[in-house]
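S.K.: Given these sequences and hints, build the entire structure.
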Amino acid sequence: NVYAMLAEAIGLPATQRLVDELGGTTWPVAKGVRRTSSRIGARMEPFMLADVQLYEGRNLDIVSQVETKEPYARRICEDYGLFTAATAMVETVDALVDHEKEPARDHFNLLHGGLGALSRREHDAGLVLDAFLLRSLALAGYEPSFNECATCGAPGPHRAFAVAGGGATCESCRQPGSAAPAQEVFSLLSALLAGRWDDADRSDPRHRRDAAGLVAAYAQFHMERRMRSLSLVDRTG
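Positions 77 to 313 (this note's numbering) are the ones given, in order, by the sequence shown.
Note that these hints are calculated values from the structure, not bench results. For clarity, every value in this text was computed on a predicted model and none was experimentally measured. Fair warning: there could be bad hints in the mix.
Claimed, not checked - Label pairs and their calculated CB-CB ranges:
no.: 1; residue 1: Asp275; residue 2: Tyr156; range: 23 to 31 Å
no.: 2; residue 1: Ala258; residue 2: Asp310; range: 19 to 27 Å
no.: 3; residue 1: Pro233; residue 2: Arg282; range: 26 to 34 Å
no.: 4; residue 1: Gly229; residue 2: Arg196; range: 35 to 43 Å
no.: 5; residue 1: Asp274; residue 2: Pro252; range: 34 to 42 Å
Cβ coordinates follow ideal geometry from the N, Cα and C atoms, glycine included.
M.R.: Quick look at the structure:
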């Protein structure tokens, strides 16, 4: 048995993508899941935390039993902002944990916490997503710097942010085309990465928008892919 976050149905009608605490991203088959009489169909919805029993098939693992632990989908799917943020989280994990059955406990725990925070509406959905993206990138070895210069280590605060350069940069290391966000944006990004939610929750909406743009650009550059779900995220809340 493994604890797994159910990501989505893909390809074959009965194939489900799971993010589990031991084996990373897997694609098992849940036979008969589309039948109205299926005992596990309702438990195989996206964004559910479940205890899943698998047995190894010739080509794909087979789902034999599912027990719902946290029905996050019921609360997330009724709100467009929560749904789009959750979808972006799942796409992020899929991009960063791209090897089947590769251990990914830290990413699993982060996804579990992020979906839980969304479903409980603990903070603005956009802030939760941006914090998740920053922490996921940090786990993958791409942690950005928001105070010291990412190139030479000179103490900040600094005025430039270089997506390709790893974050904040001093004037000597500043790269052409670097962004020049307000210091409040740097402070918000630092708070999101560190989990200082009191500071993040007090942030101004315009600083949140600027921070979200930098996070999206940074994430897509270092993951080397365009994240389709980010363009759908509702930032009006």
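S.K.: Run every hint past the structure and note whether it holds.
M.R.: Hints, one by one, checked against the model:
1. Asp275 to Tyr156: 23 to 31 Å: holds, 27 Å
2. Ala258 to Asp310: 19 to 27 Å: holds, 23 Å
3. Pro233 to Arg282: 26 to 34 Å: violated, 19 Å
4. Gly229 to Arg196: 35 to 43 Å: holds, 38 Å
5. Asp274 to Pro252: 34 to 42 Å: holds, 37 Å
Comparing the model with each earlier hint shows a violation of hint 3 alone; every other hint is respected.
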